[in-house]
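Line by line, the protein sequences give chains A and B. Per full-length UniProt numbering, residue 1 is the first one in the first sequence, and the count goes up by one each step. Per full-length UniProt numbering, residue 1 is the first one in the second sequence, and the count goes up by one each step.
Since the hints were made in silico from the structure, they are not lab data. Just so it is clear, CB atoms sit at the ideal spot from N, CA and C, and this is done for glycine as well. Some hints could be false.
Said to hold, decoys possible - What the simulated footprint calls covered on chain A by chain B, stretch by stretch (three residues with Cβ under 8 Å from a Cβ of chain B suffice, anywhere in the stretch; the number is not a length): (1) 69 to 78; (2) 257 to 267; (3) 272 to 280; (4) 485 to 497.
Said to hold, decoys possible - Derived BS3-like pairs (lysine-lysine); straight-line CA-CA distance at most 27 Å: (5) B/Lys300 <-> B/Lys32; (6) A/Lys491 <-> B/Lys166; (7) A/Lys79 <-> B/Lys155; (8) A/Lys414 <-> A/Lys393; (9) B/Lys57 <-> B/Lys71; (10) B/Lys32 <-> A/Lys491; (11) A/Lys79 <-> B/Lys154; (12) A/Lys247 <-> A/Lys414; (13) B/Lys99 <-> A/Lys247; (14) A/Lys29 <-> A/Lys8; (15) A/Lys93 <-> B/Lys154; (16) B/Lys58 <-> A/Lys385; (17) A/Lys385 <-> B/Lys57; (18) B/Lys154 <-> A/Lys8; (19) A/Lys491 <-> A/Lys8; (20) A/Lys491 <-> B/Lys154; (21) A/Lys29 <-> A/Lys53; (22) A/Lys93 <-> B/Lys33; (23) B/Lys99 <-> A/Lys484; (24) A/Lys414 <-> A/Lys439; (25) A/Lys484 <-> B/Lys169; (26) B/Lys161 <-> A/Lys491; (27) A/Lys93 <-> B/Lys155; (28) B/Lys284 <-> B/Lys332.
What the hints assert, rightly or not - Cβ-Cβ distance ranges computed for the label pairs, FRET-style: (29) B/Leu185 <-> A/Ser354: 28 to 34 Å; (30) B/Ser34 <-> A/Gly10: 49 to 55 Å; (31) B/Lys154 <-> A/Thr42: 23 to 29 Å; (32) A/Gly333 <-> B/Leu328: 47 to 53 Å; (33) A/Leu119 <-> B/Glu63: 44 to 50 Å; (34) A/Thr42 <-> B/Lys161: 32 to 38 Å; (35) B/Leu185 <-> A/Ala246: 17 to 23 Å; (36) B/Gln170 <-> A/Glu345: 53 to 59 Å; (37) A/Tyr161 <-> B/Ala273: 55 to 61 Å.
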Amino acid sequence: METFLKQKFGFSNFRPGQREIIADVLSRKNVLAVLPTGSGKTLCYQLPSHVFKGITVVVSPLLSLMDDQVQQMRSQGDKGVIAINSYLSNDEKRNILRTLPQYRMIFVSPEMLQLSNVLEALQRVTVSLFVVDEAHCISQWGHEFRTDYLRLGDIRKALHYPPCLALTATATKDIQQDIIEQLGLHEVHRHIYSVDRENIAYIQKHFHSHADKLEYLTRHLSEFPAPGIIYTSSRQLAEHIVYEAAKNQSYKIAYYHAGMLQEDRRLIQHQFLEGSLDFVVATNAFGMGVHKSDIRSVIHVQLPTRMEAYVQEVGRAGRDGKQSYAFLLHADGDDILPLQLIQREYPDQGIIDSVFATMKQQVVVTRSDLEQRCYEMGLEETQQKLLLFYLEKSHIIQNGRVDNVNPELLQQVKNELRQRETYRFQLFRQFEESLLSHKCLRAQILSYFEENLTKRLDPCCSRCGDIVIEREVYDKQNKKNRSKTWNQRLKAMLALGEEEEG
Amino acid sequence: MDLYRFGLLLYIIDHFRGQRTFFGAYHLLVGKKSAQSIQDGPLYGVESLFGVLPYLKKDHVEEIRRQMLNKGFIVEDENRMTTITEEGRQFHNHQRDHKPIPESLAGGEYEFSGQADWFWRRLVLFWQSLSYARHNDYTFLPIDYDRTIQTWVKKHFPRNKEGQSKWAKQLFHELSTFLQSIDDLRAEVFTRKLSGYQHVGETVEQLGETFDYDADYVYLLLRSTIHELINTIRENPQNFRALAEFVMPLEANSSVLTDSANITRRHLFNGLAIDEIAKERGLKRSTIEDHIVEMAYRLKDFPISAFVSYEDQKEIWQAAKQQDTKRLKQIKEEISADIDYFAIRLSLSKIDKG
Ligand SMILES: [Zn+2]
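With the rest of the complex left out, here is chain A (with noise of 0.2 Å):
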């Protein structure tokens, strides 16, 4: 095996945890895997792919770290990888589905899976692996629960089920269940890491306002390790950074957010993969897909809503092995908004009552009537999806229609959406006092995810000891090719010599 890895990968040895699951997946075994951000996954099902003589589906929902990590695949030569997801034109879409067997790893959606074409043009290949990432996904009181990964069940079936490999970073062990039912696995697997990054030290600092908060940052970060991403829950506050950062000359900075040019996020995206940016200050989309090995700080300026975000985003530094930073700046006052964008992903409960006020009239009512009365009310899509799902799981929704309301159930189903809401916000008080505590914050984390801290690390956290941060002299490498002319800028990237003539 590791022979075949490092002709294939050029890896010499395998990350902990990779060994003993691709054994087990090319056994045919059913596998929950739970490894930590930034441990390799990705390499436990793409291994195995070359092996098997059929295909590998990979079922994500996340649609732009499906785009990147297909991208660098087939980037690095391998272009038996393609992705079926929404981005795809409807041509584009029937082409793949036609040459399907050529290809090795399909990267599918869980919406796209939905669709019958896509489902049957499965059925007609053999599907030797089904990979379910992001399998957290699938439990309702999980902390990212996606109604289109319910039929992930009912879909396996449909494909007589092949071996299934879920993957997740973070899964409590009533999650672990949970996915472990929802799927259907039978005799299953497990291979259990703990969330806990050992090169990743925790530093956290508090300030009495917001503004002490932001001064702090842009003034010192010349001081903090570079490469690094600088997470904030705001276009507004990722541009201010930017702008009162960008004063001190010795570092390169910039923001990335929704409000740019698709062109140019991708720019951003390359320049700090490359390592001529220093600092990017991003929203939580940043980051996912980019494969880049030595960052050595995250920094948090606002907290996320959870727990398993704030963990993943941390897991983003020090892929490589080497120490890296973790960086939680807190001020007074900043639970509010994270509490805010919790309550957005709930559909309030004025809306669910104007949206059933006007159906009295009309005799017959349909999903997709439903689904319309919702987009007029304003209520956004996931919105949208969580309020269906629970109005088909009372069964007000029956067969795709509507035939009248019990109020009993829909009070039953409004109680319930509460209920979801006030739970995220619990979660989200337990996710801060575990953080602003006094004791370890390392351990405090992993007691989060039920995991006792085993032994005691050098660096650990600044609650355990004062931390001395290493810094190596960053290497601002490609700096020279802008001082150049646009004409000699055009001969250089076309290694072309100075006998051309323009």
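Starting from the known structure of chain A, fit chain B with the ligand onto it as the hints suggest.
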């Protein structure tokens, strides 16, 4: 910050002469393909700005609107029709003295039809691939993930070293010929947006910082350069054989219409009447009328006389001139009762040529 987009919005509002809402100006800038914004560009002489800031977000523009109202740059009437004030006009004149709208900007032609995007995205990916190939590096992360673009580049990419060398020389020759003919700032912006071996392109923000300009202005400089380049290639295809490959093939004007209008156009050519097309396509009559108005604006020599008599057209033009307005309702009140809104919209499309 963001002063330039302030100026552009005010410029458009000024041209709208109090006959459109604030969001009419916004829709024009982001290039919304609605019947309204398709007409507004040519009607008010701001066609060149169609779709030149596609990344403007609505919530952000709401904020700008509030600021403009607070500063007294604009006023809105009860129907939200927006008029520029003297302060507002002073502000945008001042802006324009420093950073004028690039002359060769032609959004109505190249952004509307998607030609600018078509050209630029293919060129950027082809250039990156060629640059890496010339440095014998074949494992690079593409700058554009779009499959259509990637497939196109793969199909047109030279297979061997010799072909690549020829392409490199020819592309360089053509591009530098063109870039020498424009000002240095735009040549800098254009080339710094390209990516290649050991060169990652820069964002409009970064270029704005380097040259001390607003990012939006940098974006307009880039787009105006792309428009001018396509135009230059069109006029002298024999001098730009390599670059001509990247120009979107003109399939009988079809690309200048929205997809849906194109289908309507085909039905019209087959001799169907408006109601028949509506029935055939399961659409409302008013939607088909929107398509026809779109054609009147987008297609040169589109015969509107098939839908509105020359006498009626004249009556409409006269009313519009007398009232000094392009608002349909105002015109309608002045003309014979049997002339409908559809006729007014069609006639307005030809008002300056008639
Ligand atoms: Zn500790």
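So which of those numbered hints doesn't the model satisfy?
-> The structure breaks hints 10, 12, 19, 24, 29; every other hint is satisfied.
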